[in-house]
Amino acid sequence: MRISTSSPFHHLSSLLRGAGLLVALWCLAPSEAHAQTWMVSTDPYLKLGVMDKFGQLGGYTAKFVVTNQTTGKEYILVKQVAGGQNGVDVIFPSEPSEPDYFKTQTGEAARALPGRYSWECQVGGKKVVGGKFSLPETANDVSVIEQKKP
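So the sequence shown is residues -35 to -1, 1 to 115, counted in mature numbering (1 follows the signal peptide of the UniProt record, and there is no 0).
Rather than coming from a laboratory, the hints here were simulated on the basis of the structure. All values reported here derive from a predicted model rather than from experimental measurement. Please note that a few of the clues may not be correct.
[Stated by the list, open to error] Cβ-Cβ distance ranges computed for the label pairs, FRET-style:
1) T103 - G24: 36 to 44 Å
2) M4 - T71: 32 to 40 Å
3) G20 - G96: 20 to 28 Å
4) R81 - A104: 15 to 23 Å
[What the hints assert, rightly or not] Here are the simulated lysine-lysine pairs, PhoX-like style, with alpha carbons at most 25 Å apart:
5) K91 - K12
6) K18 - K91
7) K28 - K38
8) K92 - K18
9) K28 - K68
10) K91 - K68
11) K68 - K12
12) K92 - K12
13) K12 - K38
14) K18 - K28
15) K44 - K12
16) K97 - K38
17) K12 - K28
18) K28 - K44
19) K12 - K97
20) K92 - K28
21) K38 - K68
22) K44 - K68
23) K28 - K91
24) K97 - K68
25) K91 - K44
26) K44 - K92
27) K91 - K38
28) K44 - K18
29) K68 - K92
30) K97 - K44
Backbone N, C-alpha and C fix where the C-beta goes; we use that ideal spot for every residue, glycine too.
Using the sequences and the accompanying hints, generate a full structural model.
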């Protein structure tokens, strides 16, 4: 015949299980409704490209040069175009986290500053295409939507 005695460990274990259950129920209980806040990020980008239309060159090096007309800073990105690929597109300004990005001779990364820019693409040291563009000023709004109380 077995006699059961109550041990302090058994009481502590039961107490901890009960406390854990209460904490789990508290975490799963619906919380009070809060206002929803939305955030937005807006940056202008431009896609530039060059293409050897008939593929006469095979592989080549395309050097993109973008000049900020206000500051005079030149931002450069060099891309290798493999034979059979004919062309390449790039994004200005490109993220500095990318392996290749637009930067000045001193390594300063291009930013999406509002203003007028000119660009050109050079192949073999000669301008093959180019143009002008403007980056607009952007503004961001934050909306807070209040939850209606019943």
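We went through each hint and held it up to the structure:
| no. | hint | verdict |
| --- | --- | --- |
| 1 | T103 - G24: 36 to 44 Å | holds (38 Å) |
| 2 | M4 - T71: 32 to 40 Å | holds (33 Å) |
| 3 | G20 - G96: 20 to 28 Å | holds (23 Å) |
| 4 | R81 - A104: 15 to 23 Å | holds (19 Å) |
| 5 | K91 - K12 | holds (21 Å) |
| 6 | K18 - K91 | holds (17 Å) |
| 7 | K28 - K38 | holds (16 Å) |
| 8 | K92 - K18 | holds (16 Å) |
| 9 | K28 - K68 | holds (12 Å) |
| 10 | K91 - K68 | holds (20 Å) |
| 11 | K68 - K12 | holds (16 Å) |
| 12 | K92 - K12 | holds (18 Å) |
| 13 | K12 - K38 | holds (19 Å) |
| 14 | K18 - K28 | holds (17 Å) |
| 15 | K44 - K12 | holds (14 Å) |
| 16 | K97 - K38 | holds (15 Å) |
| 17 | K12 - K28 | holds (15 Å) |
| 18 | K28 - K44 | holds (6 Å) |
| 19 | K12 - K97 | holds (12 Å) |
| 20 | K92 - K28 | holds (9 Å) |
| 21 | K38 - K68 | holds (10 Å) |
| 22 | K44 - K68 | holds (13 Å) |
| 23 | K28 - K91 | holds (10 Å) |
| 24 | K97 - K68 | holds (18 Å) |
| 25 | K91 - K44 | holds (15 Å) |
| 26 | K44 - K92 | holds (15 Å) |
| 27 | K91 - K38 | holds (20 Å) |
| 28 | K44 - K18 | holds (17 Å) |
| 29 | K68 - K92 | holds (19 Å) |
| 30 | K97 - K44 | holds (20 Å) |
Every hint from the earlier list agrees with this structure, and none is contradicted.
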